[in-house]
Amino acid sequence: MADSALFQRAELPRPNFSEADATRILSDIYGFNGPIRELGSQQDRNYLIDTGPERFVLKICRAEYAGDELEAQNEAMRHLAQCGLDLRVPELIPALTGEEILSVEVNGEDYRARVLTYLDGEPLTRHKHLAPEVVAAFGDVAASVALGLRDFSHPGLDRDLQWDLRRAGPVALHLLKSVTDHQRRDQIAKAMILAVKHIQPLAASLRIQPIHHDITDDNVVTRRNANGRLIPDGVIDFGDILNGWLVADLAVTCTALLHHADGDPFYILPAVTAFQERYPLTKEELMALWPLIVARSGVLVASTEQQLAIDPDNDYVIGNAAHEREMFEVATSAPFSLMETAILKAAGFELTGPELVFAHPLLPGITPDQMRLTDLSVTSPDLVRDNWADQEIDWKLLARAAAETGIASTRYGEYRLSYTRTLSATAPATFALHIDICLPAATEAVAPFDATIIRDGHHLILSSQNVSLHLDGIDCALDDGTAVNAGDSIGVVAGAEGGIGGLRIQLCRDPDLVPPLFAKPHQSDVWRKICPSPSLMLGVGVDAPDLQSETLLVRRQKSFAKPQKNYYAEPPQIERGWKEHMFDVKGRSYLDMVNNVTILGHGHPKLAAAAGRQWSMLNTNSRFHYAAVAEFSDRLAALAPDGLDTVFLVNSGSEAVDLALRLAWAYSGHRNIVSLLEAYHGWTVASDAVSTSIADNPRALETRPGWVHPVLSPNTYRGKFRGENATEGYVTAVEEKLAEIGESGQGLAGFIAESVYGNAGGIPLPAGYLRQVYASIRERGGLCIADEVQVGYGRLGHHFWGFEQQGVVPDIITTAKGMGNGQPLGAVITRREIADSLEKEGYFFSSSGGSPVSCVVGMTVLDIMADEKLQQNARDVGDHLKRRLEALGQRFPLVGAVHGMGLYLGLEFVRDRETLEPATDETANICDRLLNLGVIMQPTGDHLNVLKIKPPLCLTAESADFFADMLEKVLSEGW
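Using our numbering, the letters of the sequence shown correspond one by one to residues 1 to 975.
Keep in mind the hints are simulated off the structure, nothing from the lab.
A few of these clues could be false.
[Said to hold, decoys possible] Here are the computed lysine-lysine pairs in the DSS-like style, where the Cα-Cα straight-line distance is at most 30 Å:
#, residue 1, residue 2
1, Lys128, Lys969
2, Lys128, Lys520
3, Lys177, Lys190
4, Lys720, Lys737
5, Lys283, Lys529
6, Lys529, Lys197
7, Lys190, Lys579
8, Lys579, Lys969
9, Lys177, Lys345
10, Lys177, Lys197
11, Lys345, Lys190
12, Lys197, Lys565
13, Lys197, Lys345
14, Lys869, Lys579
15, Lys283, Lys197
16, Lys283, Lys190
17, Lys345, Lys529
18, Lys520, Lys969
19, Lys579, Lys565
20, Lys520, Lys579
21, Lys579, Lys396
22, Lys579, Lys606
23, Lys396, Lys520
24, Lys283, Lys520
25, Lys345, Lys283
26, Lys197, Lys520
27, Lys128, Lys345
28, Lys190, Lys520
29, Lys396, Lys345
30, Lys396, Lys606
31, Lys520, Lys565
32, Lys606, Lys969
[Said to hold, decoys possible] Taking CB as the label site, the calculated pair distances span:
#, residue 1, residue 2, range
33, Asp634, Ala957, 32 to 38 Å
34, Thr379, Asp181, 45 to 51 Å
35, Pro698, Glu355, 53 to 59 Å
36, His459, Arg37, 34 to 40 Å
In this text, a Cβ means the ideal position worked out from N, Cα and C, and glycines have one as well.
Build out the structure end to end from the sequences listed, making use of the hints.
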């Protein structure tokens, strides 16, 4: 077909065809009747008919499309169906006459008609976010189809089509005539010229075979996998099938994925890896992949502009326009050299560039022993409190080191904390691709290799065939274009005589690229291939040590007991915190929304100073006499209701609950304890015995000892009794259990419950529940234990203790976690006679419970909570956050309920608001997506379908809004 005919066909509008026309054809020619609706298409018309038992698609195209092209599509579908692929493809449905392709005339125009089976499943176009496993599945589907078509042949495959990437250049040039926005037209033209320039040298080595050429998010259908994610398992729309470049098939798929990429071109790499594993591409094909992606995105944008000019009411084209522009923007945002290197790495190729040879050191007057390297990493001892937020901190620390030693340098390949960004949905560029050196002014610099001088203002480039050297801070008298030999002087370090100058150094293998100074962590391995270390050129080692996160995780798994789990399958290595923020070793900041241990926040300077001072003086056990244990015990007792005047200090919440149970046994003389189902109280033998959460222990319900008597969980959201009038039903369940114990002739030791149902996500107990239950327990001689380890100590904002919400006073309070802000510290607060009853079993001792350091830490925590009004902050920010979360519940059906108060909240996800089916898989996936967006969150509850929101109490309204915004992003875009 001549180009003129190709372009003429590209300019055709959709068929002038209506739903009434489709209804008539389906009824008269195929015998199908039922509701009809139109499906989208750029140049065809597609109609879905539901006959009741089955659904079919009527496809209408213009008569200009040759019959053998449609026959090729039909035969390709049959061929793939017989290949044994684990993929669904449509089946041809013949007309009543037996024909598969019909010529029909409507409104005086000739068209071709076909009917196919409709593949059930959801397309992915409107799912903004696709997880890496879904992206990989796209690559695998594309490879499977290409592999299946490899031995297929048909005369209709030799066709001229505007989407054929072999003709991207002339097609784009023609389409650009329809682009009226001059700036956009120039952008597309420039991108196409660069893409074609990169493709042309490789074109002869690119394999040609039958390809689908349109495996996109519009043209796959999905099923849910075991993780609850939609995975492509069917392919539709064979309208672009042709003989073309094999790699173009992957290019089309990857281009479509870019509008899901959130601006990150590396997003496509799982698809590349998956394609390569199933149907390996050659190195030349992989080198052509990114230029083809750029070309495809350019043709898409230009074609959309043309089609809208021809058919301005085409909703399908209008709906895809924004997506296609986003594809183009992402495709043109990354250097070709970067993506070529990334793609080759993803495909498993060894990345070895030409060996770099430096005949002379850049700074011949400097020896290794003169150079001092500054540590600007996340674990740097020079970065204290939040001085890393100072935009000049790197230079200040570098200048200070230079003042002490004469010459100091930053480190290449270091993830710098100073470049972190808190409350950021994306990881910032923190990986240093350059170094800065402070050294005496007038230090001579020489050319390390034969090069040509390029001047760009004060920026100096020494350019050679294999590498370019970028310098700032050199006084250079050489003209632009001057050729220099290795060892020639190129100037001196700028600066006042006798003073200190600053020199910035960066190497780059791409001569056409002005490289960035920093790379994003997930791109750093690729960027360091393009911008290698200057150590060899300097003759001085200036590299930061490689991170050992994966090795450390292996060591942890080898030596650390397996039941001691870690968050996340691929956990970030967290080594620093500040307030409600945590930082991994790559400088990524995370908002900590789950860490109720650090009630004050991370890295509090006043607490660190107090603990350090006490450590430097004394730390021992509580059998010695010192002031802190008396002072802290007094303060804890003062926080409790009148009558609870005696304190035990222990190491943890588990130990506190264990001791509380022992006190109940000792005081009552009996063993039986009533507890709640779905509860968690700790890991010691006794505290675990009263823990019935199957999320923490799948065998909890079948392994309780005989003295534990669990009662119905008073969960007013999904329990047996729901709503405001649920109290009586749950109290009756307790009464029935108490009656059973009484009938057995055994006495009662007590009752234990969290004052707010923390393990279920902060669900308040039914109104009056504890008042009635406590009265019944006490009537039978038992003690009432309030487990405040998770929910108490000011976290609820409106109350210091959770039991205050119920208007009751327990006999024993257990607390821990936040009271030490991470220091092993817990307490049991009770009445004197209950505490004294333990003496009949001997004295009690906890090795570090009540140690001088623990007591000082505990008092300092209370001081800071008062000084910084953290309980009030928990109330105000918590109420604000709860309103934000409740607003999400108005928009997203997945949100079943928002529980809790203050900064102990639970967001429960359900698949159905009537049945309350737990959205367990979705919750896990949401937590993983939130981590990628910079939020640490974990699920809780027996069904692991509740986000347990319990951040440090210093959480700001800005941080709360960031969390709500990121959650909204996940619920809107997918996970």
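Structure-based check of all given hints:
1. Taking the CA atoms of Lys128 and Lys969, the gap is about 10 Å. The hint holds against a cut of 30 Å.
2. Taking the CA atoms of Lys128 and Lys520, the gap is about 22 Å. The hint holds against a cut of 30 Å.
3. Using a Cα cut-off of 30 Å, the hinted pair Lys177 and Lys190 holds, with the two alpha carbons roughly 14 Å apart.
4. Of the pairs offered as hints, the one joining Lys720 and Lys737 holds, with about 16 Å between alpha carbons and a cut-off of 30 Å not exceeded.
5. Of the pairs offered as hints, the one joining Lys283 and Lys529 holds, with about 17 Å between alpha carbons and a cut-off of 30 Å not exceeded.
6. With a CA separation close to 23 Å, the supplied pair Lys529 and Lys197 stays within the 30 Å bound.
7. At most 30 Å may separate the alpha-carbon atoms for a hinted pair to count; Lys190 and Lys579 exceed this at roughly 47 Å.
8. With a C-alpha separation of about 24 Å, the suggested pairing of Lys579 with Lys969 holds against the 30 Å cut-off.
9. The hinted pair formed by Lys177 and Lys345 fails the criterion: a straight-line CA distance of about 38 Å is larger than 30 Å.
10. Distance restraint check for Lys177 and Lys197: the Cα-Cα separation of roughly 21 Å lies within the 30 Å cut-off, and the hinted pair is therefore satisfied.
11. Distance hint between Lys345 and Lys190 is fulfilled; the C-alpha atoms sit about 27 Å from each other, no more than 30 Å.
12. With a C-alpha separation of about 52 Å, the suggested pairing of Lys197 with Lys565 is violated against the 30 Å cut-off.
13. With a C-alpha separation of about 22 Å, the suggested pair Lys197 and Lys345 falls inside the 30 Å cut-off, and the hint holds.
14. This hinted pair checks out: Lys869 and Lys579 have alpha carbons roughly 15 Å apart, not beyond 30 Å.
15. Among the hinted pairs, Lys283 with Lys197 is consistent with the structure: their alpha-carbon atoms are about 18 Å apart, no more than 30 Å.
16. Pair hint Lys283 plus Lys190 holds up; C-alpha atoms about 26 Å apart against a cutoff of 30 Å.
17. Proposed proximity of Lys345 and Lys529 is supported: the alpha carbons are some 10 Å apart, at most 30 Å.
18. Using a Cα cut-off of 30 Å, the hinted pair Lys520 and Lys969 holds, with the two alpha carbons roughly 22 Å apart.
19. For the given pair, Lys579 sits about 25 Å from Lys565 by alpha-carbon distance, which is consistent with the 30 Å threshold.
20. Restraint check: the Cα-Cα separation between Lys520 and Lys579 comes to about 24 Å, which is no more than 30 Å; the hinted pair holds.
21. Of the supplied pair hints, the one linking Lys579 and Lys396 holds, its CA atoms being roughly 24 Å apart against a limit of 30 Å.
22. Distance restraint check for Lys579 and Lys606: the Cα-Cα separation of roughly 12 Å lies within the 30 Å cut-off, and the hinted pair is therefore satisfied.
23. A hinted pair counts as satisfied when its Cα atoms are at most 30 Å apart, and Lys396 with Lys520 qualifies at roughly 24 Å.
24. A hinted pair counts as satisfied when its Cα atoms are at most 30 Å apart, and Lys283 with Lys520 qualifies at roughly 26 Å.
25. Of the pairs offered as hints, the one joining Lys345 and Lys283 holds, with about 11 Å between alpha carbons and a cut-off of 30 Å not exceeded.
26. In summary, the hint linking Lys197 to Lys520 is supported, as the alpha carbons are separated by about 28 Å, within the 30 Å threshold.
27. At most 30 Å may separate the alpha-carbon atoms for a hinted pair to count; Lys128 and Lys345 meet this at roughly 26 Å.
28. With a C-alpha separation of about 26 Å, the suggested pair Lys190 and Lys520 falls inside the 30 Å cut-off, and the hint holds.
29. For the hint linking Lys396 to Lys345, the alpha-carbon distance of about 38 Å lies beyond 30 Å, and the restraint is violated.
30. A distance of roughly 25 Å separates the Cα atoms of Lys396 and Lys606; the hinted pair therefore holds under the 30 Å criterion.
31. A hinted pair counts as satisfied when its Cα atoms are at most 30 Å apart, and Lys520 with Lys565 qualifies at roughly 29 Å.
32. With a CA separation close to 36 Å, the supplied pair Lys606 and Lys969 exceeds the 30 Å bound.
33. Against the hinted window of 32 to 38 Å, the Cβ-Cβ separation of Asp634 and Ala957 comes to about 35 Å, which satisfies the hint.
34. Distance hint check: the CB atoms of Thr379 and Asp181 are about 50 Å apart, consistent with the given range 45 to 51 Å.
35. Look at Pro698 against Glu355: about 57 Å separates their beta carbons, and that is inside 53 to 59 Å.
36. For the pair His459 and Arg37, the beta carbons lie near 59 Å from each other, so the given range of 34 to 40 Å is not met.
Violated hints for the displayed structure, listed by number in ascending order: 7, 9, 12, 29, 32 and 36.
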